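A.B. asks: Please put together the full structure from these sequences, using the hints given.
Each step along the sequence shown adds one to the number in full-length UniProt numbering, with nothing skipped, and position 102 is 102.
Some clues are possibly wrong.
Claimed, not checked - 27 Å max Cα-Cα, derived DSSO-like pairs, lysine-lysine:
| no. | residue 1 | residue 2 |
| --- | --- | --- |
| 1 | K89 | K40 |
| 2 | K89 | K61 |
| 3 | K30 | K47 |
As the list claims (entries may be wrong) - Ranges of calculated distance between the beta carbons of each label pair, as one might list FRET restraints:
| no. | residue 1 | residue 2 | range |
| --- | --- | --- | --- |
| 4 | S120 | E54 | 18 to 26 Å |
| 5 | E54 | G121 | 29 to 37 Å |
| 6 | Y39 | S66 | 21 to 29 Å |
| 7 | Q125 | N80 | 18 to 26 Å |
| 8 | R23 | S120 | 14 to 22 Å |
| 9 | D77 | L37 | 28 to 36 Å |
| 10 | H68 | G99 | 33 to 41 Å |
| 11 | C128 | Q78 | 34 to 42 Å |
| 12 | K76 | R23 | 16 to 24 Å |
| 13 | Q78 | M119 | 17 to 25 Å |
| 14 | P34 | G67 | 16 to 24 Å |
| 15 | L115 | E92 | 16 to 24 Å |
| 16 | P127 | Q78 | 34 to 42 Å |
| 17 | P127 | F48 | 28 to 36 Å |
Read the hints as simulated data drawn from the structure, not as lab findings. Keep in mind the model is a prediction, meaning the values are calculated, not measured. From the three backbone atoms N, C-alpha and C, an ideal C-beta is built for every residue, glycine too.
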Amino acid sequence: MAFKREVKPSGGCNWRSDSPNERPLVHFFKIILPCILDYKKLRIPNKFVRRYGEELSGVAKVIVPSGHAWEIGLTKDQSNIWFDEGWQKFVEHHSIRFGYLLVFAYRGCCNFSVLIFDMSGCEIQYPCPSVGPTSAKKTNYDLNGFGRKGKSSERHNASAEQNLGMKRR
Numbered sequence: 001m002a003f004k005r006e007v008k009p010s011g012g013c014n015w016r017s018d019s020p021n022e023r024p025l026v027h028f029f030k031i032i033l034p035c036i037l038d039y040k041k042l043r044i045p046n047k048f049v050r051r052y053g054e055e056l057s058g059v060a061k062v063i064v065p066s067g068h069a070w071e072i073g074l075t076k077d078q079s080n081i082w083f084d085e086g087w088q089k090f091v092e093h094h095s096i097r098f099g100y101l102l103v104f105a106y107r108g109c110c111n112f113s114v115l116i117f118d119m120s121g122c123e124i125q126y127p128c129p130s131v132g133p134t135s136a137k138k139t140n141y142d143l144n145g146f147g148r149k150g151k152s153s154e155r156h157n158a159s160a161e162q163n164l165g166m167k168r169r
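C.D. replies: The structure is reproduced here in structure tokens:
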């Protein structure tokens, strides 16, 4: 899957794939604002909807870096499309908070990849869960002060401090 950049005489460029059925990924990002958390749904940018909205059906597959895929319902409202049913579970499972940045890559056929960045600007490295997203098992992550801290995180921190020769306060 190699894409080659062709420069046009006008100074613009086109992307060309070695395979006629492939196209480069299309990206958009969303900064998580309080209204997004309150509405419990996420609006896909209008420019993306104008270009690719006809390709989007009722359910999108959102794939996180661990490889787990989440099925999230899409709601169409006039010229808007929203990640809706299942979005709140996704947000809760990944402890997404105000100020986080989500970068989506559209892979075609209603498939998206997503990267999640915390307020420090760094990508969050979530542990690979032993259960899939559909099992509704709740996990508490310690995400550098931005997530919730559970007992397993406290045990992990205690053993890390012990290994580093640090004293607990």
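A.B. asks: If a hint holds in the structure, say so; if it does not, say that too.
C.D. replies: Evaluated hints:
Proposed proximity of K89 and K40 is supported: the alpha carbons are some 9 Å apart, at most 27 Å. A C-alpha spacing of about 14 Å is found between K89 and K61, which places the hinted pair at or below 27 Å, so the restraint holds. For the hint pairing K30 with K47, the CA-to-CA distance comes to about 13 Å; that is within 27 Å, so the pair holds. Taken as a hint, the range 18 to 26 Å is violated for the pair S120 and E54, whose Cβ atoms sit roughly 38 Å apart.
The hint said 29 to 37 Å for the Cβ distance between E54 and G121, and at roughly 34 Å that hint holds. The given range of 21 to 29 Å is respected by Y39 and S66, whose C-beta atoms sit roughly 26 Å from each other. At roughly 32 Å, the beta-carbon separation of Q125 and N80 lies outside the given 18 to 26 Å, and the hint is violated. A C-beta distance of roughly 33 Å is found between R23 and S120, which places it outside the suggested range of 14 to 22 Å.
For the pair D77 and L37, the beta carbons lie near 19 Å from each other, so the given range of 28 to 36 Å is not met. In this structure the supplied range 33 to 41 Å is violated for H68 paired with G99, their Cβ-Cβ distance being about 24 Å. Checked against the hint of 34 to 42 Å, the C-beta distance between C128 and Q78 comes to roughly 39 Å, which is consistent with it. Between K76 and R23 the beta carbons are some 23 Å apart, a value that agrees with the proposed interval 16 to 24 Å.
Q78 and M119 have their C-beta atoms about 33 Å apart, which leaves the hinted 17 to 25 Å range violated. Checking the proposed 16 to 24 Å range against P34 and G67 shows it is violated: the Cβ atoms sit about 31 Å from each other. Remark: the range hint 16 to 24 Å for L115 to E92 is upheld by a beta-carbon distance near 18 Å. The supplied range of 34 to 42 Å is met by P127 and Q78, whose beta-carbon atoms lie about 40 Å from each other.
Taken as a hint, the range 28 to 36 Å holds for the pair P127 and F48, whose Cβ atoms sit roughly 30 Å apart.
Hints 4, 7, 8, 9, 10, 13, 14 from the list above are not met by this structure, while the remaining hints are.
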